[in-house]
Amino acid sequence: MASRAPQAATATTAIAVTGLRKSFGEHLVLDGIDLTVQQGTVFALLGPNGAGKTTMVQILSTLIRADGGQAALAGYDLNTEPARVREAIGVTGQYSAVDELLTGAENLMLMADLYHLGRAAAKARTGELLGRFDLTEAAGKLVATYSGGMRRKLDLAMTLVSEPRIIFLDEPTTGLDPRSRRTMWQIVRDLTRGGVTVFLTTQYLEEADQLADQIALLDHGTLIARGTPEELKRRIPGGHTRLRFADASTLAKAQAVLARPGKPDEEALTLEVPTSGSVPELRGILTRLDDHGVDVAELTVHTPDLDDVFLTLTGN
Amino acid sequence: MMTSALADSATMLRRNLKHMLRYPSMIAFMILMPVGFLLLFVYILGGTVGPAGHAGRAAYATFITPGIIALTMVAASTATAVSVASDMTGGIIARFRTMPIARVSMLTGHVGRGVIQTVLGMVAVTAVALLTGFRATTSAASWLAAAGLLILFAFALTWLSVALGLAAKTVEAASNAPTPLIILPFLGSGFVLTQSMPTAIRWFAEYQPFTPVINTVRGLLIGGPIGNNAVIAIAWSAAIALGSYLWARKLFSRDPVRA
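Going down the list, the protein sequences come from chains A and B.
With my numbering applied, the first sequence corresponds to residues 269 to 584, in that order.
With my numbering applied, the second sequence corresponds to residues -16 to 242, in that order.
For reference, chain B alone in the conformation it holds in the complex:
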């Protein structure tokens, strides 16, 4: 049973990766959105928000890159929710459901694709950030640790997107479902320090899941105290992944044809 779940998941992942390569506008969108914000913040607002001059721009680019990477994950979530919803409304899932295959593979195939797609997006966006002046100042080990945490959080958000895609009745609804997440890097530590915010927003900013992730990645890449942010980020990732997996499984095992 376990081996068939792995083999079927690998088959479904191959199918989904082929879709990804043959429908590249999805990836283009999920890279363009965060890159747009990056350029907007660094070149339009950067001169005012950050320290003055060329050095100030680069410093601000360095400060916001973890937030921009978080935005990339949100954009990738939309892509995942859309591809899950369009798969579920097509006829082939009905075929899969009547076949003797591991049922979880119909979801894990999407999760695998979602994580790979998110990682590709994060790499591309980080490359653009490097061009705008972003500089990491720490060791290769810190880079690896940051990458590990980002992949873990991407995994959690991907399961959430799969559940959102399953819950949506139409593809359009699925494309809107993850959109509210876009506000979280802004109402967090992505672009300014939370200390500068009004009390109520500051409280929200400090307790929502994107903040510890951004803080940890920032600490790992440009130095500075991480504190308990890493532990909280990992705990949030695990909780979101588990909760979303259970929700997705429940949604998927409903009868696909209802009143």
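Excised from the complex, chain A in its bound form:
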């Protein structure tokens, strides 16, 4: 896919990246990335392990320098005004960035002190975040005793102490149990409601689908596709309903009866009927088969998800 130049930075553009390149030695990690993220939206960078997602976050969050290309965050140039960029961003990395030898409350106070909030404001902010992330009870315990989910929550709470306008979340739910994952998703949704821009990396397609306004697929250092979750799903073969029958004659009868019978599989005794998966459509198909005395042995509905997009586009 041809890379589009990002739109000129406007008041509503939170992140604008052009031609970003990075190699580690001989290994080319990012090969000319262009992207734009609008303020108050969630942007998901999706890709398999080793695609360059973390490198992208490390560059945009001023941790490491790119070899080439331009990037502006909150209107500030990454190369010439990194200090300004740092004032606007917050980062929760893949590896827990909490201080194990401090308590949860002390970690938050440390952040507040480094942002020069002042005693009273620091205390208030710390208390508020502990409450919001359900950590009040554990506030006085050393982080070394925290569970993985609690660490992740504390990590994000620390990122929010400064009320950043742009937040980077590098694989925020990797290794979390399903319940903690849902909690994390809700927190991200709440953030964008307040106008915060979220740049998220994930290898979970469901996560991108759940959270993102825009998704870009990163593979081997280039963006191979981008769009809304809906747009990406439209790029691949549509959904279908697979009907299995008891024998070949029933299969043939079903084929004759249905308006759009789709592809038959004589071996498996199945029909793949193109459908959107909606209930009225399914009811129509089943009623028609029933009216003609055709028994369906088994029915499975397959709607396209981002896994299909990913598999189709990366070809593996």
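Because the hints were derived from the structure by calculation, they are not lab data.
Quantities reported herein were computed from a predicted structural model and do not represent experimental measurements.
Where a beta carbon is used, it is the ideal one built from N, C-alpha and C, also for glycine.
Hints may contain errors.
Footprint (simulated), chain B over chain A, 3 or more residues, beta carbon under 8 angstroms [what the hints assert, rightly or not]:
| hint | region |
| --- | --- |
| 1 | 327 to 334 |
| 2 | 343 to 357 |
| 3 | 361 to 375 |
| 4 | 532 to 545 |
Could you slot chain B onto chain A? The hints should help.
Just chain B now, with coordinates in the frame of chain A:
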């Protein structure tokens, strides 16, 4: 900018002091090592090396205490290099690097802790030395001058340890990096007079940085000529501190993620 560097350094120092209190095995190690050498020299070797009898033991304890204090500084250097390296390999430094804070504070916090830790170690080891018979024979002003020089030299060695901790790729490597320094008080005036050494070793002993420090402290605490030792000790401290600071700053400003 300057005020934020000071405020951020103070914040980082508070963080590092909390670490020190919550991980006391570091301090225990840096006190036990020199105390072990002190007891070994005074009670096992002291009878032979020093003048005979109980008075001889005490005199030898008095003679080697400046060398034992120098060993304490080396042990403290290991502690500092280890805590810097383990901090750098943890995730929180990556967070600090993406925050709008004075970057030098990530190092000065460790330097402050290192100096305080070294001073605590030197005080504890000196207290044990007093129990084994060490006696200073000079004035309070001399004590203060000796303390001042020791703190200055500890400051220089702490910057060196911070740089060594940054240069190390792993915590294990960092814990080994300052170990060669342990030989310096021995290949100097710490335990015997340099005049008694073979020529080549004597030359090294007289020109390495620990010797003028030990000689000056010995002169201040138990009397005797100091000569130009004090000036040389201060010059070495300044040179080590400046060189190590520049090296540490260069190491720290490299990209933390490399090929």
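Hints versus structure:
1. 327 to 334: holds (count 5)
2. 343 to 357: Per the Cβ count (4), the hint holds.
3. 361 to 375: holds (count 10)
4. 532 to 545: violated (count 0)
Hint compliance for this structure: hint 4 alone is broken.
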